[in-house]
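Asker: Below, each chain spelled out in residue letters.
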Amino acid sequence: MTIILDPTDERVPVVRQITERTGSVQGVVGLLNISKPRGNILLDELDRLLSEDAPGVEIRRYQKPTFAKPCPDALRHQIRDECDFMIEALAD
Amino acid sequence: MIDTGRAFTLTDLNGSQQDFDGSGPSLICFVKEDCETCNIAAPVLEAFQKAYGGAVKLLVLGQSGESNALFAQRHALTMPVLHDEGCKTSFDWDIEIVPAVFWIDAKGKVATKFEGFVRDDWQALSDQIATASKQPAAQIDWESLPAWRPGCGSKHFDPDIYDKLRAEADGSVLRARKVEIASGDDMAEFLFDQGFSDGLPLVPPTPERVMRMLAGTHRDPQDVIATVPPNMGVGTVEKIAINAVMAGCKPEYLPVVIAAVEAVCTDEFNIHGVTATTMGAATVMVVNGPIRDKIGMNSGLGALGAGNRANATIGRALRLVIRNVGGATTGGVERSTLGNPMKFTMCFAEDEEGSPWEPLHVERGFSKEESVVTVFAMTGGPVHIVDQTSRVPDQIAGSLGQGLEGVFLPKMHNLPIDALLVVCPEHIKTMTRDGAYPKTRLRDRIQEVTSRPLAEMVQDDHSGAGIPVADAEKLGPEKLAQLAPKFASTDYIHIVVAGGEAGKFSSAFHGWSTGPAGSISVSRKIDLG
Numbered sequence: 467m468t469i470i471l472d473p474t475d476e477r478v479p480v481v482r483q484i485t486e487r488t489g490s491v492q493g494v495v496g497l498l499n500i501s502k503p504r505g506n507i508l509l510d511e512l513d514r515l516l517s518e519d520a521p522g523v524e525i526r527r528y529q530k531p532t533f534a535k536p537c538p539d540a541l542r543h544q545i546r547d548e549c550d551f552m553i554e555a556l557a558d
Numbered sequence: 007m008i009d010t011g012r013a014f015t016l017t018d019l020n021g022s023q024q025d026f027d028g029s030g031p032s033l034i035c036f037v038k039e040d041c042e043t044c045n046i047a048a049p050v051l052e053a054f055q056k057a058y059g060g061a062v063k064l065l066v067l068g069q070s071g072e073s074n075a076l077f078a079q080r081h082a083l084t085m086p087v088l089h090d091e092g093c094k095t096s097f098d099w100d101i102e103i104v105p106a107v108f109w110i111d112a113k114g115k116v117a118t119k120f121e122g123f124v125r126d127d128w129q130a131l132s133d134q135i136a137t138a139s140k141q142p143a144a145q146i147d148w149e150s151l152p153a154w155r156p157g158c159g160s161k162h163f164d165p166d167i168y169d170k171l172r173a174e175a176d177g178s179v180l181r182a183r184k185v186e187i188a189s190g191d192d193m194a195e196f197l198f199d200q201g202f203s204d205g206l207p208l209v210p211p212t213p214e215r216v217m218r219m220l221a222g223t224h225r226d227p228q229d230v231i232a233t234v235p236p237n238m239g240v241g242t243v244e245k246i247a248i249n250a251v252m253a254g255c256k257p258e259y260l261p262v263v264i265a266a267v268e269a270v271c272t273d274e275f276n277i278h279g280v281t282a283t284t285m286g287a288a289t290v291m292v293v294n295g296p297i298r299d300k301i302g303m304n305s306g307l308g309a310l311g312a313g314n315r316a317n318a319t320i321g322r323a324l325r326l327v328i329r330n331v332g333g334a335t336t337g338g339v340e341r342s343t344l345g346n347p348m349k350f351t352m353c354f355a356e357d358e359e360g361s362p363w364e365p366l367h368v369e370r371g372f373s374k375e376e377s378v379v380t381v382f383a384m385t386g387g388p389v390h391i392v393d394q395t396s397r398v399p400d401q402i403a404g405s406l407g408q409g410l411e412g413v414f415l416p417k418m419h420n421l422p423i424d425a426l427l428v429v430c431p432e433h434i435k436t437m438t439r440d441g442a443y444p445k446t447r448l449r450d451r452i453q454e455v456t457s458r459p460l461a462e463m464v465q466d467d468h469s470g471a472g473i474p475v476a477d478a479e480k481l482g483p484e485k486l487a488q489l490a491p492k493f494a495s496t497d498y499i500h501i502v503v504a505g506g507e508a509g510k511f512s513s514a515f516h517g518w519s520t521g522p523a524g525s526i527s528v529s530r531k532i533d534l535g
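Chains as they are written, first to last, in my numbering: chain A, 467 to 558; chain B, 7 to 535.
Treat each hint with caution, since some may be false.
Claimed, not checked - Simulated coverage check for chain B against chain A, where a stretch passes if three residues somewhere in it have a Cβ under 8 Å from a Cβ of chain A:
1) 210-224
2) 239-250
3) 291-304
Stated by the list, open to error - The list that follows gives simulated cross-link-like pairs (lysine to any residue, SDA-like), each with its CA atoms no further than 20 Å apart:
4) A:Lys535 / B:Asp191
5) B:Lys94 / A:Glu518
6) B:Lys119 / B:Ala138
7) B:Lys140 / B:Pro156
8) B:Lys63 / B:Thr15
9) B:Lys115 / B:Ala138
10) B:Lys417 / B:Pro459
11) B:Lys435 / B:Gly506
12) B:Lys417 / B:Arg458
13) B:Lys445 / B:Phe372
14) B:Lys184 / A:Ile469
15) B:Lys184 / A:Ser501
16) B:Lys119 / B:Gly28
17) B:Lys56 / B:Asp192
18) B:Lys256 / A:Asp472
19) A:Lys535 / B:Glu195
20) B:Lys184 / A:Ile500
21) B:Lys119 / B:Phe26
22) B:Lys184 / A:Asp475
23) A:Lys535 / B:Gly190
24) B:Lys63 / B:Glu42
25) B:Lys119 / B:Ala136
26) B:Lys94 / B:Glu214
27) A:Lys535 / B:Asp192
28) A:Lys535 / A:Ile500
29) B:Lys184 / A:Lys535
Claimed, not checked - Looking from chain B toward chain A, a few residues come up when the C-beta cut is under 10 Å (computed):
30) Arg183
31) Phe202
32) Leu206
33) Val327
34) Val331
Treat the hints as calculated values from the structure; they're not laboratory data.
Glycine included, C-beta positions come from ideal geometry on N, C-alpha and C.
Using the sequences provided together with the hints, build the complete structure.
Answerer: Okay, here's the thing in structure tokens:
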């Protein structure tokens, strides 16, 4: 860990900001399997629930080559370009 | 060296924590593995341990990280050898040289302390411990040891370590919020993500770098230099130093940056307006006085361009202060239609030695020996003025005037707008070939050659800018025949000298809205203590 000193007037917290929540789900929802065992089972269930509860939503499935490494740039960019929402299955 | 024992908790070579409560009787010795004198002292310490270890606590504090084990092994030390991690205890105990020895009595008072190896001191110490501990004196062949050896500098004085320790100490002068960056984060990307950058990579403002930067000024880090628009952020010396680090400044540049921040945050200069205007104004800084050479600023070849660290980073630091402390971000309060590259940086020194005139700061009321920064709000430039063939002083002065026709729009005259003319050495030579050519004459010449009849400034099919047709009709033909120079007054024409010896190319910066409703150039003395 490295420490730096805040160069601003410190009125805004220096943290990673969470994307603003819209309160509704629409458009394209991506389901990302990070390739941990049984991630597909969790995502299959989410896929089913979303299809029932939000029929207008399009679901797309993605998979990382391995959970042990960061998502490849190409896949991250693809998800960014194609999806409005993203659910990542971290479960074993 | 401290007078009273201080508590510490450090790990020994086995990784176990060792607590020292600051009391005695105890002997504390700081060593460095690669210090020859420490290696002379080590067998003595081991003899002390054998003789007095039952009654006295002996601790050796190593400054050498993993090599502490090597030191202990080399001398078969049997007392605890502790890692002085980051040399924090060395810093806290205020030593300068290793070996550094503290003999602490039962009440925690330092009874004896010394650094280096003076045989008599060590022998007297042995006697003192023997008496206090009621143990037989340690068996040491003192005659076989050197009478005197200087020690080595304590490792905590290595610049990187020392500045970090000073930054993290309880009494640190730093007050800015500390931001932790996870080891998995890319430092450069993190700084971009936080919006600290002008679009170029930044030097991470670590506490130790900021401490080093602060050494460039005698000012207190918490002195408030200015409230910085648009958010009216508090611009302390410390905040300016942090941004100067990010910009890539050296500590000796800091006083210039501080003076510049002070100058632009005045009501006259109006950095809020300069930043916010859709016209795309930026600050142009001219530095005068002895500091130019002292910090290696460029007033010669390429002075207005890239390649000189002082010129580049001082201008950039000012911009970063306005962005980060003032909160002026592009698309936020920064609203310029096109922007301009001077918004990254624009700072140069005047070639006072090559100038036939008083330097800019002297002209503005300072003494030649003072170092001064002058700030101008400019929307365009440097716009080069090319004249390679004039050989007569009035000709070259005339060309410089014609080169200023482009301010705002060639058609617009009588402008109450600043221009900053940077005259190159070859043009100076031509201008002064027959003798002195005062600045006043150059200013008058500029007004003379740019004078045009008002009739040429009326709105027409070529351009809708200028005097409205209805107003022109009211003026009548006689008034429309009157000549109007480029500038409303010669006071708007600022002149400095800079540039390389070769090349007949002067240059001009074109102003923004000049005056109380816009911006007025400001000079500030650079406080060098």
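Asker: Are the hints correct? Go through all of them and say.
Answerer: Cross-check of the supplied hints:
1. 210-224: holds (count 5)
2. 239-250: Since 6 is at least three, the answer is holds.
3. 291-304: violated (count 0)
4. A:Lys535 / B:Asp191: holds (14 Å)
5. B:Lys94 / A:Glu518: Violated - the C-alpha atoms of A:Glu518 and B:Lys94 are around 62 Å apart, more than 20 Å.
6. B:Lys119 / B:Ala138: OK: B:Lys119 and B:Ala138 at ~16 Å, within 20 Å.
7. B:Lys140 / B:Pro156: violated (31 Å)
8. B:Lys63 / B:Thr15: holds (15 Å)
9. B:Lys115 / B:Ala138: Within the cut-off at roughly 14 Å; holds.
10. B:Lys417 / B:Pro459: holds (11 Å)
11. B:Lys435 / B:Gly506: Holds, at roughly 13 Å.
12. B:Lys417 / B:Arg458: holds (9 Å)
13. B:Lys445 / B:Phe372: Within the cut-off at roughly 18 Å; holds.
14. B:Lys184 / A:Ile469: Cα-Cα ~6 Å, so holds.
15. B:Lys184 / A:Ser501: At roughly 37 Å apart (the allowed maximum being 20 Å), A:Ser501 and B:Lys184 break the hint.
16. B:Lys119 / B:Gly28: Given that 20 Å is the threshold and the Cα spacing comes to 15 Å, the pair holds.
17. B:Lys56 / B:Asp192: violated (51 Å)
18. B:Lys256 / A:Asp472: It holds: about 19 Å lies between the C-alpha atoms, which stays within 20 Å.
19. A:Lys535 / B:Glu195: holds (19 Å)
20. B:Lys184 / A:Ile500: Violated. B:Lys184 to A:Ile500 sits at ~34 Å, over the 20 Å cutoff.
21. B:Lys119 / B:Phe26: Answer holds: B:Lys119 to B:Phe26 is near 18 Å, not above 20 Å.
22. B:Lys184 / A:Asp475: holds (13 Å)
23. A:Lys535 / B:Gly190: holds (12 Å)
24. B:Lys63 / B:Glu42: The given pair, whose Cα atoms are some 25 Å apart, is violated under the 20 Å limit.
25. B:Lys119 / B:Ala136: Given pair B:Lys119, B:Ala136 holds - Cα atoms ~16 Å apart, limit 20 Å.
26. B:Lys94 / B:Glu214: holds (14 Å)
27. A:Lys535 / B:Asp192: Holds: A:Lys535 and B:Asp192 sit about 15 Å apart, inside 20 Å.
28. A:Lys535 / A:Ile500: holds (9 Å)
29. B:Lys184 / A:Lys535: violated (30 Å)
30. Arg183: holds (4 Å)
31. Phe202: holds (6 Å)
32. Leu206: violated (14 Å)
33. Val327: Interface hint status for B:Val327: holds (8 Å vs cutoff 10 Å).
34. Val331: The hint holds - B:Val331 has a Cβ within 10 Å of chain A, the shortest such distance being about 5 Å.
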